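Here are the chains, one letter per residue:
There are 2 protein chains.
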Amino acid sequence: MCGNSTACARANIMAEVPQGWEARGKPPILTRRFVFDGYGATRAFLDALAALSEKTGQHPQNINFASTYVNITLESGEKGELGAAELDLAEKINALYLQPEG
Amino acid sequence: MCGNSTACARANIMAEVPQGWEARGKPPILTRRFVFDGYGATRAFLDALAALSEKTGQHPQNINFASTYVNITLESGEKGELGAAELDLAEKINALYLQPEG
Chain C
1 MCGNSTACAR ANIMAEVPQG WEARGKPPIL TRRFVFDGYG ATRAFLDALA
51 ALSEKTGQHP QNINFASTYV NITLESGEKG ELGAAELDLA EKINALYLQP
101 EG
Chain V
1001 MCGNSTACAR ANIMAEVPQG WEARGKPPIL TRRFVFDGYG ATRAFLDALA
1051 ALSEKTGQHP QNINFASTYV NITLESGEKG ELGAAELDLA EKINALYLQP
1101 EG
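In order, the protein sequences belong to chains C and V. Residue numbering for the first sequence follows my numbering, beginning at 1 and increasing consecutively. Residue numbering for the second sequence follows my numbering, beginning at 1001 and increasing consecutively.
Simulated from the structure, these hints should not be mistaken for lab results. Don't take each hint at face value.
[Claimed, not checked] Here are some chain V residues pointing at chain C (derived, C-beta under 10 Å):
no., residue
1, THR1031
2, ASP1037
3, ARG1043
4, LEU1046
5, ASP1047
6, ALA1048
7, HIS1059
8, PRO1060
9, SER1076
10, TYR1097
[Said to hold, decoys possible] Chain V is nowhere near these chain C residues, computed Cβ spacing over 12 Å in every case:
no., residue
11, PRO18
12, GLU22
13, PHE34
14, LEU46
15, ALA50
16, SER53
17, VAL70
18, LEU87
19, ALA95
[Claimed, not checked] For each label pair, taking beta carbons as the anchor points, the in silico distance ranges come out as:
no., chain 1, residue 1, chain 2, residue 2, range
20, V, GLY1057, C, LEU96, 35 to 45 Å
21, V, GLU1054, C, GLY25, 19 to 29 Å
22, C, GLU81, V, GLU1075, 36 to 46 Å
23, V, GLY1057, C, ALA51, 37 to 47 Å
24, C, THR56, V, ALA1015, 24 to 34 Å
25, C, GLU75, V, ASP1037, 29 to 39 Å
26, V, GLY1020, C, GLU81, 30 to 40 Å
27, C, GLU16, V, LYS1055, 38 to 48 Å
Keep in mind it's a predicted model, so treat the numbers as computed, not measured. We treat Cβ as the ideally placed atom computed from N, Cα and C, and that holds for glycine.
Make the full structure from the sequences, and use the hints.
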């Protein structure tokens, strides 16, 4: 059984981390590296990510990219804990990565 | 007088570094942080940078951004030295930063 403590909330989050993402503490972040064949595919992913951010109003805290990769960091919101908003955004970004280019 | 040695070439590059950029060695890079008032301005700069890259075929080696800043790193080309191509790209990126939004 898991109560409503902070530690418990964190344990629950860890169990729910979307595929490919890693959760880290102090400050709590979710991070994932997305790898691409070339600049074109990387650019398409970045454009889709920008469109997603405009649509949802949620922006990753940090994005680091070069021609063949994009590292994304999602930081916790106001409460200092990773929550449903960050997990949801991570899932949506995963969906962009899986989406065939077109 | 400055000859054609590697050290001399590097000294010349240092003297020519575009405004706001910093040159570092091992590996030789040019790096600059661009700061913005908000995500909209940051996004506009990133879009202009992507358009510049598509037009010129020159891509910064690394871009790291969040809602109010963009850190750009230009790495040396094939010869392992910063050259005219990197200085030129840095100047062009500076021009994007100075350009009024619209």
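Right, here's what the structure says about each hint:
| no. | hint | in the structure |
| --- | --- | --- |
| 1 | THR1031 | violated (13 Å) |
| 2 | ASP1037 | violated (15 Å) |
| 3 | ARG1043 | holds (7 Å) |
| 4 | LEU1046 | holds (8 Å) |
| 5 | ASP1047 | holds (8 Å) |
| 6 | ALA1048 | violated (13 Å) |
| 7 | HIS1059 | holds (6 Å) |
| 8 | PRO1060 | holds (8 Å) |
| 9 | SER1076 | violated (15 Å) |
| 10 | TYR1097 | violated (18 Å) |
| 11 | PRO18 | holds (21 Å) |
| 12 | GLU22 | holds (18 Å) |
| 13 | PHE34 | holds (14 Å) |
| 14 | LEU46 | violated (8 Å) |
| 15 | ALA50 | violated (7 Å) |
| 16 | SER53 | violated (8 Å) |
| 17 | VAL70 | violated (10 Å) |
| 18 | LEU87 | holds (20 Å) |
| 19 | ALA95 | holds (21 Å) |
| 20 | V/GLY1057 / C/LEU96: 35 to 45 Å | violated (25 Å) |
| 21 | V/GLU1054 / C/GLY25: 19 to 29 Å | violated (39 Å) |
| 22 | C/GLU81 / V/GLU1075: 36 to 46 Å | holds (38 Å) |
| 23 | V/GLY1057 / C/ALA51: 37 to 47 Å | violated (24 Å) |
| 24 | C/THR56 / V/ALA1015: 24 to 34 Å | violated (47 Å) |
| 25 | C/GLU75 / V/ASP1037: 29 to 39 Å | violated (20 Å) |
| 26 | V/GLY1020 / C/GLU81: 30 to 40 Å | holds (38 Å) |
| 27 | C/GLU16 / V/LYS1055: 38 to 48 Å | holds (43 Å) |
Of the numbered hints given earlier, the model fails hints 1, 2, 6, 9, 10, 14, 15, 16, 17, 20, 21, 23, 24, 25; all others are met.
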